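S.K.: Assemble chains B, C and D onto chain A, guided by the hints.
Number of protein chains: 4
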Amino acid sequence: MNFASDNIVGASPQVLQALSGANAGAMAAYGGDEITKRVKARFNEIFEREVSVFFVTTGTAANALALSAAVPPYGLCVCHREAHVIDDECGAPEFFMHGAKLAGLPGVGAKLTAESVSAYLKGLPKAVKQMPPKALSISQVSECGLVYGLSELKALGEVCRGHGLVFHMDGARFANALVSLGCTPAEMTWKQGVDILSFGGTKNGCLMAEAIVVFNKDLAEGLDYRSKRAGQIISKGRLISAQFEGYFEGDHWYANARHANRLAKMLSDGLIQLPGVRLAWETQANEVFPIVPAAMDKALRDAGVLYHPWTELSLPEGEKVGQGEALIRLVLSFATQEEDVRRVLDIARSAGSRQAAE
Amino acid sequence: MNFASDNIVGASPQVLQALSGANAGAMAAYGGDEITKRVKARFNEIFEREVSVFFVTTGTAANALALSAAVPPYGLCVCHREAHVIDDECGAPEFFMHGAKLAGLPGVGAKLTAESVSAYLKGLPKAVKQMPPKALSISQVSECGLVYGLSELKALGEVCRGHGLVFHMDGARFANALVSLGCTPAEMTWKQGVDILSFGGTKNGCLMAEAIVVFNKDLAEGLDYRSKRAGQIISKGRLISAQFEGYFEGDHWYANARHANRLAKMLSDGLIQLPGVRLAWETQANEVFPIVPAAMDKALRDAGVLYHPWTELSLPEGEKVGQGEALIRLVLSFATQEEDVRRVLDIARSAGSRQAAE
Amino acid sequence: MNFASDNIVGASPQVLQALSGANAGAMAAYGGDEITKRVKARFNEIFEREVSVFFVTTGTAANALALSAAVPPYGLCVCHREAHVIDDECGAPEFFMHGAKLAGLPGVGAKLTAESVSAYLKGLPKAVKQMPPKALSISQVSECGLVYGLSELKALGEVCRGHGLVFHMDGARFANALVSLGCTPAEMTWKQGVDILSFGGTKNGCLMAEAIVVFNKDLAEGLDYRSKRAGQIISKGRLISAQFEGYFEGDHWYANARHANRLAKMLSDGLIQLPGVRLAWETQANEVFPIVPAAMDKALRDAGVLYHPWTELSLPEGEKVGQGEALIRLVLSFATQEEDVRRVLDIARSAGSRQAAE
Amino acid sequence: MNFASDNIVGASPQVLQALSGANAGAMAAYGGDEITKRVKARFNEIFEREVSVFFVTTGTAANALALSAAVPPYGLCVCHREAHVIDDECGAPEFFMHGAKLAGLPGVGAKLTAESVSAYLKGLPKAVKQMPPKALSISQVSECGLVYGLSELKALGEVCRGHGLVFHMDGARFANALVSLGCTPAEMTWKQGVDILSFGGTKNGCLMAEAIVVFNKDLAEGLDYRSKRAGQIISKGRLISAQFEGYFEGDHWYANARHANRLAKMLSDGLIQLPGVRLAWETQANEVFPIVPAAMDKALRDAGVLYHPWTELSLPEGEKVGQGEALIRLVLSFATQEEDVRRVLDIARSAGSRQAAE
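Protein chains in written order, with the numbering used here: chain A, 1 to 358; chain B, 1 to 358; chain C, 1 to 358; chain D, 1 to 358.
Among the hints, erroneous ones may be present.
Note that identical chains are pooled: a pair holds if it fits in a single copy or bridges any two copies.
Stated by the list, open to error - Heads up, simulated DSS-like pairs for lysine-lysine below, C-alpha to C-alpha not over 27 Å straight-line: (1) 217 with 298; (2) 40 with 122; (3) 122 with 320; (4) 320 with 40; (5) 217 with 37; (6) 217 with 265; (7) 40 with 126; (8) 217 with 320; (9) 217 with 40; (10) 126 with 320; (11) 191 with 122.
Everything labelled a hint here was simulated from the structure, so no lab data went into it.
Being a predicted model, the structure only gives us computed values, none of them experimental.
For reference, chain A alone in the conformation it holds in the complex (with noise of 0.2 Å):
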């Protein structure tokens, strides 16, 4: 009962067996493949446009490479002070941008508003001193499990324009967001501004295989040697884009991720029905964070269920944990089991029923 990430698993077997297809004969390396080159072709039928797509290892290089691309050295990156850029990546981006500084906005869920991003933007000293913001980065799924919709989109896009900003997505969970919102891959990035994209395959299916998709051709200039000096250009590519092609094969990639978002509202809508539980933000893709009873907490580590507890940080506002309570996050993915999920239920509800009785 492993609900710490989705990238505890390895992958999905239809991936695997696309990568184990590919691997035998000789092809040309370093991405000059056939396979690679039918992927790029299936990148933009999905996209419904041209766009130059790079493929990377992680998620971390992908987030790091595009905003290299979109952030001259002395310039700012908005984004939220929650992050994954900012928090997780131990530095990766300012690596990558030489020094380019990331300036962390709060907002509640882990998302910005084009209020917040345009207000803190017209703040911003007129001066040599204060580094020029050049790009907004944004996380699709939130880091706090929400989606944001085509018109929040929108607006941001519209902000980015207004500034002069390059707008970046970091979908490591682009999928997810894509069944929540129901909408297409071109609805949810360009035709809402958005400029370049971390495409995500690892959390939701692939062994290790992220994409830069470009939708601002300026953009991809240079992405290609920029990517070869970060080390990312690996020898046997179609090792990569072969994984894709099984993510894409019969649309596995939705499956997949209706999968796990499925799963994500069957565990909460079970959860918030027990007594003293409730969620910090709601449920919109593959991420449950509820906060639960301390006891409950326990009950659930002592039956050897893993998850990572979770910062208050973007609670809506006059919301709090309280004490004798905790703030969790679950994480479902492609791999995870009904049963698990089950389980899970069974386990916190039985906590539940045991603390009513005390």
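M.R.: Chains B, C and D in isolation, oriented as in the chain A frame:
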């Protein structure tokens, strides 16, 4: 008949199987898993001492990260002027070292001698305008297919000690060098003064698995953070370690390297018996660098044999590629078929005969 | 009546004369001259021990270079969230530290306490995604005009030792702090655990002369190379050292700082006697931060008094700038005339009276 | 008799006076003052068009900043292998360019030809492993004292256009080149295709005043931020501009350069009349590079004449420094006395006579 490089095929079956076998089930992410623990212990055994090991996905990343641990941003790293680090990595070392410089020295067969390195170091101005030398990087196997002997390594190691340099070995073809020398990994590295090693797995049978092996403990400090910020720590970390597990199992890596070296010898021996063919550099590992008549070059290409022309920059003094000749490189790998070697030799032989007849 | 900053005048006559006097004749370039040698010895005397000194032309360069010696590219430097290094240097520290990050903590009066720093450090995740803290940087005088007392410095020094951090002091207004505390340079620095100091000369009488003073010998290694590669080693190096020679001669620097601090006290004392005026932070050095009625603010500006509005971010808890009030900063320097202070007070007083009359 | 360099004296009296004259009174800091405004307008006049000007304190900073505006971090900058930027700046360009690489080409007299640059560019592999060339940097005057003629500059400018390179000129001795050619600043720069210029003032009479002059508007974008984050924006900014004001006043800079060049010619003409003396490279500006008998070298040194030995790396083909000979560099400046030149010639003559007599 693809002899372009040893990265044009996928993984060897045994490695692929190890990867597949490690795919199912949940494990701690980011290298906190059991497989990774086992493989790290295996590295200690292989090198007959405690070593620090960091897994990455490309040789470029391994080299660049290793050098970043060795050279401060204002330092100089001495290498051969045809070294992979200076010539083939799009500035990755300079990126990871934050602007530190590579000084490329000449040397026959892309090898450096203790004498030439020492003379170079002594000739450097003692002034603040001169970046101070901090590391020496050599390629074992060299870019011209030569293998440093143990006494050569020892002499270079002593120069490093004498001048306070870190000694780095780019072992992209580590196994091929090892079976060529018939020595132990320990003898080829730290016993001769090597401080830090890029240990290649990809070219000799892995999908994408390289390791930085650190003998000098001080250099390991912070390397995990450096790797993380370079986007090189795979979330499903076991999928790299599992490759190494398969690679080491039953001395599979030795077998792979022996096969490649043996076929190289076979190809080399066959070629030099043909009229007008001579070797630019002795065949010591899994690469053959013949100088062939232009007609033979053409015949091979026409027959669909794939390989690269090579530069004559590091030919022995006095040696030259004449008009009507071509210096080419043929690379043999674990996956090369003996039959392919025979076919190449047949084509070359026919071309030679035809030419003689004309 | 320019109170905008302490860098709006040129040099004090004594410093200018020292510069002029050192101008003629040939001397070794790049700091190899006799004057530089003498001044470095003078620094040893001033700090009552051997120190390493590096001359630069701006405070930003001093801070950024000092931090680059203290923090590896993957490290974290803790500072106040309004610190000059994080807020006013356009990312110079991040540039010189090659992407290392500044973590800005809150604190009244732009000061940090040992408790808050300690709590922050303890709260950091122990994981490779988290950049490890490597240095603490404080501003003495703080950005709100406050001076750390010796016991406060000592406590911060102990936190640094306990967590393995380098302790950096931004002493852009070092002399003003010194005469405020009435202690020795040694007592205000290394005796409390400061490892490396940005020693400002420009704001207190030099043209462009700042020094990095290193107490922890290890941090001096390579700093000359770092400075050279930052374009900070002036070819006619004596022209910086000569400024310091004039600056130190006859305790000129103390006299300059005493003058500025005394006028600040005079201005401050005068202002708080006026109705509706209070201090945001106590006047401890050469800057005054009054909260004044908007009408007084307007009157001062109308009369041509130059100064900057200030942020209320670091006000004491519960304190606020009300509607109809303005928080402003007035900076006094060695060149400020007592008469100008009187004129400002007169204007403020009249404004106050007029307002009372209305 | 110090001929070591043209940075071993302070400022010329006229420049020093301009600095002193600008010292008193309050003005806007960070270059927002009237003097700076005036001097920038003066640059427009001098170059007969609108230019962007950025003031810095060292030639190294000027070069490194200029190149950072021209070359992305993954790019290549072509220069002569003895160029100041590659050889004498401790990696400043690599630091400011964030790891971009300098490619040093050979060339007689430390000059590059359009042919050699063009051939080099054409020979570069078209592959992502190869950093793409983005700029050409030349030194006018060259490191061997030679001056590029207008047609040579034009040809290099055309190569740059043809290959999409930014054309940078290191004009540390700009004035000396200018009076040597007898052309206008416009003719020596943008009219031949120069995009960005390091305009030296220090060697020809300033204390510490260099400027980056940008002709290609695109390159000016962000350069103020780059300069600020490099710690190169002096707070008392007028103190740099004032130097330039004095420097330009009454064509003082021309007079200084003419004086230095004239004395160089005088020294050069005198020396080559002596037996056994010849010039390594023609004397075209303010440096003399004679090859002299070892005995003469010794006699000069014994008499206290200060100068540097020089490398023979860029001698014309076939030329060599023989045994018993020394290649030396003597630099003349605005401050050199004619009498000193005569004394040097006397000493050299005596040494020659003595040797003949023996």
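S.K.: Hint by hint, note whether the structure agrees.
M.R.: The hints, checked one at a time:
For a Cα distance limit of 27 Å, the shortest separation of residue 217 from residue 298 qualifies neither inside one copy, at 51 Å, nor across copies, at 40 Å. In this assembly of identical chains, the alpha carbons of residue 40 and residue 122 never lie at most 27 Å apart, being 39 Å within a copy and 30 Å across copies at closest. Taking CA atoms no more than 27 Å apart as the test, residue 122 paired with residue 320 passes between copies only; the shortest distance there is 22 Å, against 31 Å inside one copy. Taking identical chains as interchangeable, the C-alpha atoms of residue 320 and residue 40 are never at most 27 Å apart, the minima being 46 Å within one chain and 44 Å between chains.
Taking the shortest Cα distances, residue 217 and residue 37 sit within 27 Å of each other inside one copy (18 Å), while across copies they are farther apart (39 Å). Within a single copy, residue 217 and residue 265 get their C-alpha atoms no closer than 38 Å, and across copies no closer than 49 Å, so neither meets the 27 Å cut-off. For the identical chains of this complex, residue 40 and residue 126 are inter-copy neighbours only, at 21 Å across copies versus 42 Å inside a copy, given an alpha-carbon limit of 27 Å. Taking identical chains as interchangeable, the C-alpha atoms of residue 217 and residue 320 are never at most 27 Å apart, the minima being 45 Å within one chain and 46 Å between chains.
Taking the closest pair of Cα atoms, residue 217 and residue 40 come within 27 Å of each other only inside a single copy of the chain (15 Å); across copies the shortest separation is 37 Å, beyond that limit. For a Cα distance limit of 27 Å, the shortest separation of residue 126 from residue 320 across copies, 25 Å, qualifies, whereas the shortest one inside one copy, 37 Å, does not. In this homomeric assembly, residue 191 and residue 122 come within 27 Å of each other (Cα to Cα) only inside a single copy, at 25 Å, whereas the closest approach across copies is 41 Å.
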